[in-house]
Structure formats: C-alpha cells, structure tokens
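S.K.: As they're listed, the protein sequences go chains A and B.
In case it helps, numbering that gives the first Met the number 0 puts the first sequence at residues 0 to 486.
In case it helps, numbering that gives the first Met the number 0 puts the second sequence at residues 0 to 486.
Please keep in mind that the hints were generated in silico from the structure rather than gathered at the bench.
Here the structure is a predicted model, which means the values were calculated and not measured.
Among the clues, some could well be false.
Chain B is faced by these chain A residues, among others (derived, beta-carbon under 10 Å) [what the hints assert, rightly or not]:
no. : residue
1   : 338
2   : 373
3   : 376
4   : 378
5   : 390
6   : 423
7   : 439
Keeping only pairs whose Cα atoms sit at most 30 Å apart, straight-line, the calculated DSS-like set for lysine-lysine is [as the list claims (entries may be wrong)]:
no. : chain 1 : residue 1 : chain 2 : residue 2
8   : B       : 386       : A       : 363
9   : B       : 263       : A       : 382
10  : A       : 58        : A       : 5
11  : A       : 386       : B       : 265
12  : B       : 382       : B       : 363
13  : A       : 265       : A       : 382
14  : B       : 479       : A       : 363
15  : A       : 479       : B       : 479
16  : A       : 363       : A       : 386
17  : B       : 363       : B       : 386
18  : B       : 386       : A       : 479
19  : B       : 126       : B       : 263
20  : B       : 363       : A       : 386
21  : A       : 382       : B       : 382
22  : A       : 263       : A       : 382
23  : B       : 363       : A       : 479
24  : A       : 382       : B       : 363
25  : B       : 382       : A       : 363
26  : A       : 265       : A       : 126
27  : A       : 126       : A       : 263
28  : A       : 382       : A       : 363
29  : B       : 60        : B       : 479
30  : A       : 5         : A       : 479
31  : A       : 479       : A       : 60
32  : B       : 363       : A       : 363
Note that beta-carbon positions come from the ideal geometry of N, C-alpha and C, so glycine has one too.
2 protein chains.
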Amino acid sequence: MVLNYKLILKVDAAIGVLLAAAMIPSLIVSLLYNEIDVAISFAHCIVPMLFLGAFVVYKTKPTSSTLRMRDGFLIVASCWILASIFGAFPFLLSNSIPSFIDAFFETASGFSTTGASILTDIEALPKGILFWRSFTHWLGGMGILVFAIALLPALGIGGQRIIRAETPGPTLDKLSPKISDSARILYSMYLGMTVLEVILLCIGGVNLYDALIHTFGTVGTGGLSSYNNSIAHFDSIYVDIVITIFMILAGVNFNLYYLLLQRKIKDFFSDYELRGYFIIIAIATVLIAWNLWSTKTYDTIGESLRYSVFQAASITTTTGYSTTNFDLWPTFSKMVLFLLMFVGGCSSSTGGGVKVIRVLILLKLIRRGMYRKLHPRAVVPVKIQGKSIPSATVSGITSFAVLYVCLLLFGSLIISLENFDMLTSISSVAACLGNIGPGFELVGPSANYSAFSDFSKMFLSFYMLIGRLELFTIMLLFAKLFWNPDR
Amino acid sequence: MVLNYKLILKVDAAIGVLLAAAMIPSLIVSLLYNEIDVAISFAHCIVPMLFLGAFVVYKTKPTSSTLRMRDGFLIVASCWILASIFGAFPFLLSNSIPSFIDAFFETASGFSTTGASILTDIEALPKGILFWRSFTHWLGGMGILVFAIALLPALGIGGQRIIRAETPGPTLDKLSPKISDSARILYSMYLGMTVLEVILLCIGGVNLYDALIHTFGTVGTGGLSSYNNSIAHFDSIYVDIVITIFMILAGVNFNLYYLLLQRKIKDFFSDYELRGYFIIIAIATVLIAWNLWSTKTYDTIGESLRYSVFQAASITTTTGYSTTNFDLWPTFSKMVLFLLMFVGGCSSSTGGGVKVIRVLILLKLIRRGMYRKLHPRAVVPVKIQGKSIPSATVSGITSFAVLYVCLLLFGSLIISLENFDMLTSISSVAACLGNIGPGFELVGPSANYSAFSDFSKMFLSFYMLIGRLELFTIMLLFAKLFWNPDR
Numbered sequence: 000m001v002l003n004y005k006l007i008l009k010v011d012a013a014i015g016v017l018l019a020a021a022m023i024p025s026l027i028v029s030l031l032y033n034e035i036d037v038a039i040s041f042a043h044c045i046v047p048m049l050f051l052g053a054f055v056v057y058k059t060k061p062t063s064s065t066l067r068m069r070d071g072f073l074i075v076a077s078c079w080i081l082a083s084i085f086g087a088f089p090f091l092l093s094n095s096i097p098s099f100i101d102a103f104f105e106t107a108s109g110f111s112t113t114g115a116s117i118l119t120d121i122e123a124l125p126k127g128i129l130f131w132r133s134f135t136h137w138l139g140g141m142g143i144l145v146f147a148i149a150l151l152p153a154l155g156i157g158g159q160r161i162i163r164a165e166t167p168g169p170t171l172d173k174l175s176p177k178i179s180d181s182a183r184i185l186y187s188m189y190l191g192m193t194v195l196e197v198i199l200l201c202i203g204g205v206n207l208y209d210a211l212i213h214t215f216g217t218v219g220t221g222g223l224s225s226y227n228n229s230i231a232h233f234d235s236i237y238v239d240i241v242i243t244i245f246m247i248l249a250g251v252n253f254n255l256y257y258l259l260l261q262r263k264i265k266d267f268f269s270d271y272e273l274r275g276y277f278i279i280i281a282i283a284t285v286l287i288a289w290n291l292w293s294t295k296t297y298d299t300i301g302e303s304l305r306y307s308v309f310q311a312a313s314i315t316t317t318t319g320y321s322t323t324n325f326d327l328w329p330t331f332s333k334m335v336l337f338l339l340m341f342v343g344g345c346s347s348s349t350g351g352g353v354k355v356i357r358v359l360i361l362l363k364l365i366r367r368g369m370y371r372k373l374h375p376r377a378v379v380p381v382k383i384q385g386k387s388i389p390s391a392t393v394s395g396i397t398s399f400a401v402l403y404v405c406l407l408l409f410g411s412l413i414i415s416l417e418n419f420d421m422l423t424s425i426s427s428v429a430a431c432l433g434n435i436g437p438g439f440e441l442v443g444p445s446a447n448y449s450a451f452s453d454f455s456k457m458f459l460s461f462y463m464l465i466g467r468l469e470l471f472t473i474m475l476l477f478a479k480l481f482w483n484p485d486r
Numbered sequence: 000m001v002l003n004y005k006l007i008l009k010v011d012a013a014i015g016v017l018l019a020a021a022m023i024p025s026l027i028v029s030l031l032y033n034e035i036d037v038a039i040s041f042a043h044c045i046v047p048m049l050f051l052g053a054f055v056v057y058k059t060k061p062t063s064s065t066l067r068m069r070d071g072f073l074i075v076a077s078c079w080i081l082a083s084i085f086g087a088f089p090f091l092l093s094n095s096i097p098s099f100i101d102a103f104f105e106t107a108s109g110f111s112t113t114g115a116s117i118l119t120d121i122e123a124l125p126k127g128i129l130f131w132r133s134f135t136h137w138l139g140g141m142g143i144l145v146f147a148i149a150l151l152p153a154l155g156i157g158g159q160r161i162i163r164a165e166t167p168g169p170t171l172d173k174l175s176p177k178i179s180d181s182a183r184i185l186y187s188m189y190l191g192m193t194v195l196e197v198i199l200l201c202i203g204g205v206n207l208y209d210a211l212i213h214t215f216g217t218v219g220t221g222g223l224s225s226y227n228n229s230i231a232h233f234d235s236i237y238v239d240i241v242i243t244i245f246m247i248l249a250g251v252n253f254n255l256y257y258l259l260l261q262r263k264i265k266d267f268f269s270d271y272e273l274r275g276y277f278i279i280i281a282i283a284t285v286l287i288a289w290n291l292w293s294t295k296t297y298d299t300i301g302e303s304l305r306y307s308v309f310q311a312a313s314i315t316t317t318t319g320y321s322t323t324n325f326d327l328w329p330t331f332s333k334m335v336l337f338l339l340m341f342v343g344g345c346s347s348s349t350g351g352g353v354k355v356i357r358v359l360i361l362l363k364l365i366r367r368g369m370y371r372k373l374h375p376r377a378v379v380p381v382k383i384q385g386k387s388i389p390s391a392t393v394s395g396i397t398s399f400a401v402l403y404v405c406l407l408l409f410g411s412l413i414i415s416l417e418n419f420d421m422l423t424s425i426s427s428v429a430a431c432l433g434n435i436g437p438g439f440e441l442v443g444p445s446a447n448y449s450a451f452s453d454f455s456k457m458f459l460s461f462y463m464l465i466g467r468l469e470l471f472t473i474m475l476l477f478a479k480l481f482w483n484p485d486r
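Throw the hints in and build the complete structure from the sequences for me.
M.R.: Below is the structure:
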C-alpha cells in the first residue's frame with residue numbers, strides 16, 4: 000500500500016494557503032500600529048505562500064481520493080511541522096527573532112499551544128509580531144486541521160480519518176453524522192468563547208489589543224503573553240478571575256458544550272471526565288492555598304486562594320499563564336503543580352498533557368490489579384459510569400502512558416546534556432511535551448528557554464508537536480512499521 | 000471467607016523465633032569485640048523473643064491448615080512489618096539509635112535491602128550493632144520468608160501460596176515440584192555466593208568483619224556499609240571489581256543459576272531478561288564513562304570507567320553502595336543514574352525496583368500501540384522469545400507500573416511537606432520505594448536521611464517495605480476489597 004503522496008501534497012498546499020490568509024489580521028494590526036516594516040514582512044510571507052500554495056493545489060491531481068490511516072497520520076504530522084516552519088517567517092523577515100531555530104521554537108510553541116518562549120524581552124517586539132505570535136495559539140488551539148476539515152470536503156476528501164489522528168484524547172463522539180458539520184459546530188463554539196472573553200476583558204479595562212492577545216492564549220490553552228510578567232502585569236483580580244474561568248472552560252471537552260446547546264445540562268454535569276477534571280483542579284487549589292497560607296507565603300487566605308486557583312487551573316489546562324513566580328513557592332505547592340503537569344485537560348479540549356480521562360482510567364487499573372491478585376482467574380473489565388471500556392481502548396491508553404513516560408525520561412536525558420540542574424532538565428521536557436510552557440528553575444514562570452542550545456531548542460520544539468499530536472502521530476513516522484506496513 | 004488468623008499468628012510467632020535465632024551471630028560478634036553491653040542488649044532481645052515465640056507457636060492450634068491467597072498476603076506483610084519492629088530492638092536497647100522511629104527506619108531499610116540510613120556517623124557504632132544492621136540485609140535479601148518456607152511444611156502448611164506473594168518479579172518458575180526443595184536450592188546458592196564473596200574480599204586484604212558486612216550488603220543488594228564513605232573507604236580497584244561483580248550477580252534471576260547447576264549454559268545466556276539486564280548496565284556504564292571523561296570529571300578514561308561501572312551496577316541492582324559522591328557528577332551522568340532507579344534487578348533476584356522484565360514488556364507495549372494505530376482491529380499479543388505473554392500477565396504488569404508511578408508521585412508530594420528541594424523529595428521516595436538507598440541532593444551518597452521528620456521517616460520506612468513486597472502485598476491491606484472480598 001503506497002502512501003497517497005499527491006493528495007498529501009495537495010492538503011499541505013491548502014494549509015499553506017490558509018496560513019497565508021491567517022497572517023492577514025496580523026498585517027492589518029501592523030498597519031494600525033504604524034509598523035510599516037513589519038507589515039511589509041507579513042506581505043512578503045503572504046503573497047508567495049498564497050500564490051504558490053494555490054498553484055500547487057490547482058496543479059496537483061491525485062489519482063485517487065482515498066485516504067488511508069497512514070495518509071491521515073502523515074497529513075496531520077506534515078501540516079503541523081510545515082505550519083511551524085512557514086509560520087516562523089514573519090519573525091525572521093521582520094528581524095524580531097533573527098535565528099531560524101529560535102523562530103521555529105516560538106512558532107511550534109504557538110501552534111502547539113505550549114507557550115514556551117525563547118524571548119528575553121517580549122515587550123520590545125512590534126505589536127504586529129506579538130499579535131501573530133499569539134494568533135498561532137488561537138489557530139493551533141482548535142487545531143489547524145479541525146479548521147481545515149471544513150475545507151477538505153471541498154477537495155473531495157472525507158475527513159473522518161484525519162480527525163481520528165487529530166482529536167486530543169481517546170474518543171471523539173460524533174456530534175453530527177457529517178464531519179464537516181461537526182467541525183463547523185466546534186468552530187462556532189470556539190469563536191463564541193473567544194468573543195465572550197474579549198468582551199469580558201475589555202469590560203475589565205483591558206485594551207482591545209491586550210484582550211485579543213490574552214484571549215488567544217487562553218481559549219487555545221497556549222500561554223504566550225505580550226508582557227514579560229504574563230498575567231501578573233494586569234495585577235487585577237477581575238482579569239485573574241476571567242482568565243481562570245476561560246482557561247478552565249477551554250480545558251473542557253468541547254463535545255460537552257454541544258450537550259449544553261441541546262439543553263442537556265444534567266448530561267453535561269454527569270460526565271465522568273468533567274467531574275474528575277473539576278475535582279482535580281479543586282483539590283489542587285485547596286492544597287496549594289492551604290500550603291501558601293500556612294507557610295505565610297501570602298498574608299491572607301484570600302490572596303493564597305487567588306494565586307492558587309489561577310496557577311492550578313493554568314497548569315492543569317496546560318495553558319501556562321502565571322500571576323506570580325510559583326517557582327519561589329514552598330516545595331509542597333510546587334510539587335502539586337509538578338503533578339498537575341501530568342494530568343492535562345479533558346479529551347477533545349484545546350488542553351494538552353495526558354488528558355484527564357486517561358489518568359482516571361489508569362487509576363482504575365490499580366483497583367483491577369488488586370482484585371486480580373485476590374482472584375487470579377477473574378476477568379474484570381474496566382468500567383466507567385457503568386459501561387465497560389473495551390480492552391483495546393484500555394491497551395491504547397496504557398501504550399500512550401508508557402510512551403509518554405519513555406519520552407519524558409528520554410527527553411530529560413537528552414536535555415541533561417546542557418548540564419543545567421536536574422529539575423530544569425525534567426520540567427522543561429515535561430512542560431514542552433505536555434504543551435504547558437513554564438516549568439521550574441531555569442524554565443520557571445519568570446524565566447524562558449533562551450539559555451538552551453540550538454539543538455535542545457529544536458529537540459524541545461519537536462517534543463511540543465509530538466505532545467500536541469497525541470504522541471503516536473509523529474512517533475509513528477520514526478517507526479519502521481509505518482514505512483513497511485506489510486512487514 | 001474469614002482469614003485464618005490463628006495460622007497467621009502461628010507463622011508470625013515462628014518468624015519471631017527465627018529472628019531471635021538470627022540475632023545470635025551478632026551477639027557472638029559483640030562478645031568477640033568485647034562489647035559486653037551490646038551483647039547484653041542482644042540477649043535481652045533474644046531470650047524473650049525465643050521463649051514467647053516458641054510458646055505462641057506451641058499454644059496456637061489453628062482449626063484449619065488451609066492458607067488462602069488473602070492469608071498468604073497477610074502473612075507476608077505482617078512478617079516483614081513485625082521483623083522490622085522486633086529487629087529494631089537491639090539498636091534501641093544498646094542505645095546506639097535512641098529513637099524508636101529511627102531504629103525502625105534503619106531496620107526496615109535493612110530487611111527491605113534498601114540501605115538508606117539515618118546515621119550521621121556510622122563508624123561510631125559498636126561492631127556488634129553494625130553487624131546486626133548488615134545481617135538484616137542478608138536475611139532480607141533472600142527473603143525471610145523464602146527462609147521460612149523450609150519451616151512452614153513442618154508446621155503442616157503448604158508454602159505455595161506464600162511464595163506467590165513473596166517472589167520478586169512477575170513469575171517464579173518452579174525449580175522443583177516440592178516448594179521446600181526449591182527453597183533449599185535457592186538458599187544454598189545464596190549461601191554459596193556469600194561464602195565466595197567473603198573469601199574473595201579477604202584475599203584482597205579486607206578483614207573478615209568488613210568482608211562479611213559488605214558481602215551481606217552486596218548479595219542482599221542492600222547497600223549498608225560500616226563506613227561513612229561506603230566502598231570508597233577501601234579505595235581499592237580490586238574491592239571495587241569484586242563488589243561490582245557480586246552486585247551484578249545478586250541482581251540476576253536466581254532460577255537461572257539452577258540452569259547453570261544443570262549445565263544448561265546456553266539457556267542461561269539466552270534468557271531475555273538477563274540479556275536486557277546486561278545491556279542496560281553496559282549502556283549506562285558507557286554513557287556515564289563518556290560523560291565523565293568528556294567533562295574532565297576524572298582524568299583518564301580508565302578512572303571514568305571504574306566509577307561509572309560501579310555506580311551503574313549499584314543503582315541498577317538497587318544496592319546503593321558508592322565509590323564516589325555521584326551527586327557531584329555532571330547532570331547527564333546523574334540523569335542516567337536517575338533513570339536506572341526505575342529499572343531495578345531481574346525478577347526472582349534480591350534486587351528491588353520495577354524489575355528488568357517488567358520494563359522490557361512495558362517497552363514492547365509501545366510497539367503494539369503503534370501497530371494498533373495503523374491496524375485498529377488487529378489483535379496483537381506481546382511476545383518474548385517467540386512466546387506470547389498472556390494478557391493477564393501484561394495487565395498485571397501495567398497495573399504494577401501505574402501503581403508504582405502513583406506511589407512515587409504521591410510519596411513525593413508527602414515528602415515535599417518537609418520543604419526540602421524538589422529533587423530531594425522525588426529521589427528520596429524513588430530510592431526508598433525502589434529499595435536503592437541513596438538519591439540526590441540531601442539524600443545523596445554522601446548524605447543520609449537524618450534531616451527528615453519522624454513522620455517522613457515512618458512514611459519512607461513503609462515505602463521500603465511496600466517496594467520490597469512488590470507493592471500489592473502491602474497496598475492490598477489498605478483496600479476495602481481485601482477485607483470485604485465478597486463485596
């Protein structure tokens with residue numbers, strides 16, 4: 000079975016066209032702020048990408064419109080890698096980030112909604128460039144491909160296969176029999192959430208530009224800010240609350256919002272994963288607040304709660320915004336955040352990480368293991384809300400977990416060659432693989448990734464993409480069995 | 000199904016008698032070194048334990064001699080906990096370790112062959128006490144229960160059920176149809192290995208006392224030394240080599256030695272786990288040696304190799320001896336050791352940790368996961384040496400791995416309440432759960448566990464026992480389903 004390279008090329012070219020179109024708002028922002036040089040840089044990206052992309056789309060005639068599983072994986076992986084390459088050009092051409100590797104890191108961080116940055120002084124960058132930087136979060140958040148799914152049918156391609164590789168989390172319920180319809184519904188909800196947050200931030204006195212930047216970072220669970228101090232810059236309880244709520248909302252399974260639209264509110268709140276997600280954030284918040292208050296890190300219980308809920312929500316949803324330098328917190332609070340780095344958002348949300356449902360199912364395996372020690376011959380299915388989980392799903396989740404841990408440990412080993420401290424090495428890899436952004440020590444919330452070598456930056460950029468695409472999509476490309484499927 | 004409490008009591012009492020008997024050599028050592036006070040302390044432990052134990056064994060008349068699974072788990076768990084309590088009395092009575100919690104920590108560390116210590120000046124302790132401290136390693140190494148299996152048939156109890164809870168690792172091949180025979184064979188091999196190492200160390204100029212102490216620590220993969228500097232005290236390449244070899248031998252599946260006895264040498268070396276074990280130690284040694292040499296930590300490649308192979312073998316086998324303060328090594332070398340902390344020895348060895356065979360099977364799950372992404376409907380068994388692993392075994396291993404990670408993360412959270420640095424918190428828990436001993440930073444090879452609070456010491460003591468007894472044996476006691484099996 001040969002890969003359908005022509006069709007893959009056609010889709011990639013179409014993504015190029017979309018990417019060029021997606022740069023137009025940033026060009027407009029540049030013009031509004033009188034950044035003519037920056038606007039010209041954007042134009043230098045947009046025009047060739049638009050025409051070359053359109054030309055390739057027009058000229059490429061696939062002999063077959065069949066997309067197999069392997070084609071789907073290659074499309075998703077190639078699109079994200081290409082988007083991170085082409086999306087880096089505005090940084091380069093405007094000379095905002097002169098090194099290609101740095102620009103690639105920043106763009107991969109944007110599209111993968113990680114939020115890690117190599118910039119030492121964010122505020123020195125032009126407004127148009129910072130807008131593009133955050134806009135990649137917004138594009139990446141819902142997935143540039145879920146975005147593209149509305150386009151694919153126009154190319155005469157069914158998108159079913161792609162969404163299987165793309166969707167965060169183990170399952171995607173079909174919202175609607177036609178995949179393009181469900182993409183449109185998801186997209187509308189995402190847009191609605193964006194508009195709502197922008198309005199709420201503006202009401203709180205944030206200017207429109209900042210409101211847009213931070214909304215992109217929130218609903219995409221990204222975490223890039225236009226300020227060196229991240230959300231601490233605003234120093235406003237109102238802004239903290241709005242962003243906390245929207246981070247949490249962005250980490251919820253978007254399929255569930257469809258239940259809300261259908262007014263099935265009871266079904267919404269009885270979702271097993273959603274409950275686990277809320278409980279995890281609540282417990283983490285209480286634990287951290289108690290620790291911060293009892294160690295007198297903050298004077299009042301109210302202040303402790305304010306900082307604990309924001310940071311807990313930020314790390315759990317893998318956003319990565321911060322309202323304080325949590326790297327200076329007592330060890331217990333830091334450890335809670337460290338554990339949250341391995342949870343992540345709900346499946347089918349914009350959040351990264353392992354995903355809540357996987358964590359919950361893995362925890363259930365412990366009880367099954369105990370039961371089997373006492374009853375070795377019993378066959379015990381893993382159940383959630385009374386329904387047995389198919390053993391193939393369970394084994395898929397265990398494979399995912401093992402691969403996640405292996406990637407984490409292997410990555411930490413590679414990054415440890417930098418000879419930074421152990422915690423920097425481990426947490427930088429965890430923060431990139433989990434699409435979180437900040438870690439501890441040298442990559443703490445008040446620091447950045449500028450100290451890493453070019454090799455490490457490339458390595459971590461790929462880790463962001465690997466994490467964002469549910470590990471296997473990219474890791475498969477390194478497997479012999481992907482290229483020799485008949486073996 | 001009620002637990003057979005009377006029989007459990009009888010076995011526990013028998014273990015008490017054995018423990019009293021096991022203190023006699025230490026008493027003799029005390030007398031030889033003219034430590035009369037210490038000898039009296041031992042006598043104060045031995046006499047009551049011997050008589051009380053024998054009385055309980057004699058008086059307890061179980062109504063049934065049937066041992067169910069649950070009885071077996073309770074026997075194993077209670078024996079190890081009781082041994083760690085009663086084994087602590089010589090430290091207390093001799094006033095060598097005045098605090099009970101400290102003494103319990105030291106004894107649990109001994110019996111679980113962990114090798115973590117709360118002592119700040121080991122060399123200040125009496126010879127008899129240090130002998131007992133290391134002798135607990137030797138007893139624990141092979142398992143005080145495998146020891147006891149020769150005794151159980153005399154009590155009219157079949158030991159089959161117990162060995163299932165006791166054996167390190169997922170499987171124990173039956174060496175012999177009669178369990179008491181196989182216990183005797185294992186015991187003889189263990190004794191032979193001990194004698195051989197003592198002779199080799201003495202040939203190298205080590206005095207008999209030190210040779211015994213360090214042999215107990217080696218063949219039991221324990222790691223307690225009579226010197227503050229551990230094996231670095233001897234500063235002898237010969238001693239390093241002997242101990243390295245015996246650490247590695249102690250980490251080998253003891254069933255395989257039976258193959259050697261039968262002259263099936265080819266079968267021995269073709270064992271999948273053994274090969275993985277050797278390869279892991281070899282790769283780790285080369286990586287560390289390369290790193291140490293290229294960073295000029297040591298002057299010559301030979302010196303780098305000398306220190307890398309010892310430390311790699313010590314951590315992989317979960318012994319914990321050191322010939323240098325590896326906490327001062329460059330980060331990459333430390334990271335290799337950190338990863339080795341999660342490997343451990345072979346199944347059915349005296350080594351702790353996750354065990355090599357489990358790690359290898361977990362790695363195979365990644366490939367299966369990849370295959371299933373491409374062929375979602377395929378049923379793919381996990382194979383080792385051409386044989387399919389039963390899915391129940393695979394699911395047992397994944398449960399184990401999930402529980403291991405959860406215990407590690409939960410433990411790190413609890414220990415982080417001490418407000419030491421993150422790496423101390425994580426590595427102390429990893430070192431105790433994996434029965435290794437030293438970790439990094441405050442629990443590095445040149446440090447000890449004296450800085451921890453009483454609560455943390457108790458917590459870590461239990462973690463040592465949990466790790467030693469393959470997690471489930473003790474964790475089951477905290478599970479409702481253990482006490483309400485009919486639920």
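S.K.: Each of the hints needs a verdict: does it hold here or not?
M.R.: Comparing the hints with the structure gives:
A distance limit of 10 Å between C-beta atoms decides the matter here; for residue 338(A) the minimum to chain B is near 5 Å, and the interface restraint holds. Hint status for residue 373(A) relative to chain B: holds, with the closest Cβ pair at about 6 Å, below 10 Å. Because the beta carbon of residue 376(A) sits about 9 Å from the nearest beta carbon in chain B, less than 10 Å, this interface hint is met. Using the Cβ-Cβ criterion of 10 Å, the hint placing residue 378(A) at the interface with chain B is satisfied: the shortest such distance is roughly 8 Å.
The restraint placing residue 390(A) at the interface with chain B holds, with a minimum CB-CB distance near 8 Å, inside the 10 Å limit. Taken as an interface hint, residue 423(A) checks out: its beta carbon lies about 9 Å from the nearest beta carbon of chain B, inside 10 Å. This hint holds: residue 439(A) has a C-beta 7 Å from the nearest C-beta of chain B, less than the 10 Å allowed. A threshold of 30 Å between alpha carbons decides the hint, and for residue 386(B) with residue 363(A) the separation of about 28 Å falls inside it, so the pair holds.
For a cut-off of 30 Å, the pair hint linking residue 263(B) to residue 382(A) is broken: about 46 Å separates their Cα positions. As the CA atoms of residue 58(A) and residue 5(A) are separated by approximately 10 Å, the hinted pair is consistent with the 30 Å bound. For the hint pairing residue 386(A) with residue 265(B), the CA-to-CA distance comes to about 49 Å; that exceeds 30 Å, so the pair is violated. For the given pair, residue 382(B) sits about 8 Å from residue 363(B) by alpha-carbon distance, which is consistent with the 30 Å threshold.
A threshold of 30 Å between alpha carbons decides the hint, and for residue 265(A) with residue 382(A) the separation of about 21 Å falls inside it, so the pair holds. Distance hint between residue 479(B) and residue 363(A) is fulfilled; the C-alpha atoms sit about 14 Å from each other, no more than 30 Å. Of the supplied pair hints, the one linking residue 479(A) and residue 479(B) is violated, its CA atoms being roughly 46 Å apart against a limit of 30 Å. Distance check on the hinted pair: residue 363(A) and residue 386(A) sit about 13 Å apart at the alpha-carbon level, within 30 Å; holds.
At roughly 13 Å between alpha-carbon atoms, residue 363(B) and residue 386(B) fall within 30 Å of each other, so this suggested pair holds. The hinted pair formed by residue 386(B) and residue 479(A) meets the criterion: a straight-line CA distance of about 22 Å does not exceed 30 Å. Of the supplied pair hints, the one linking residue 126(B) and residue 263(B) is violated, its CA atoms being roughly 42 Å apart against a limit of 30 Å. Between residue 363(B) and residue 386(A) the alpha-carbon distance is near 28 Å, which keeps this suggested pair within the 30 Å criterion.
Under the criterion of a C-alpha separation no larger than 30 Å, the hint pairing residue 382(A) with residue 382(B) is consistent with the structure, at around 27 Å. Proximity of residue 263(A) to residue 382(A) is assessed by CA-CA distance (about 23 Å); at most 30 Å being required, the pair is judged to hold. A C-alpha spacing of about 14 Å is found between residue 363(B) and residue 479(A), which places the hinted pair at or below 30 Å, so the restraint holds. With a C-alpha separation of about 25 Å, the suggested pair residue 382(A) and residue 363(B) falls inside the 30 Å cut-off, and the hint holds.
For the suggested pair residue 382(B) and residue 363(A), the alpha carbons sit about 25 Å apart, so the restraint of at most 30 Å is met. Between residue 265(A) and residue 126(A), the direct Cα distance comes to roughly 44 Å. Violation of the 30 Å bound is thereby established for this hinted pair. Taking the CA atoms of residue 126(A) and residue 263(A), the gap is near 42 Å; set against the 30 Å cutoff, the hint is violated. With a C-alpha separation of about 8 Å, the suggested pairing of residue 382(A) with residue 363(A) holds against the 30 Å cut-off.
Pair hint residue 60(B) plus residue 479(B) holds up; C-alpha atoms about 29 Å apart against a cutoff of 30 Å. Note on residue 5(A) and residue 479(A): the hinted pairing holds, with a Cα-Cα distance of about 22 Å set against a maximum of 30 Å. Of the supplied pair hints, the one linking residue 479(A) and residue 60(A) holds, its CA atoms being roughly 29 Å apart against a limit of 30 Å. For the given pair, residue 363(B) sits about 22 Å from residue 363(A) by alpha-carbon distance, which is consistent with the 30 Å threshold.
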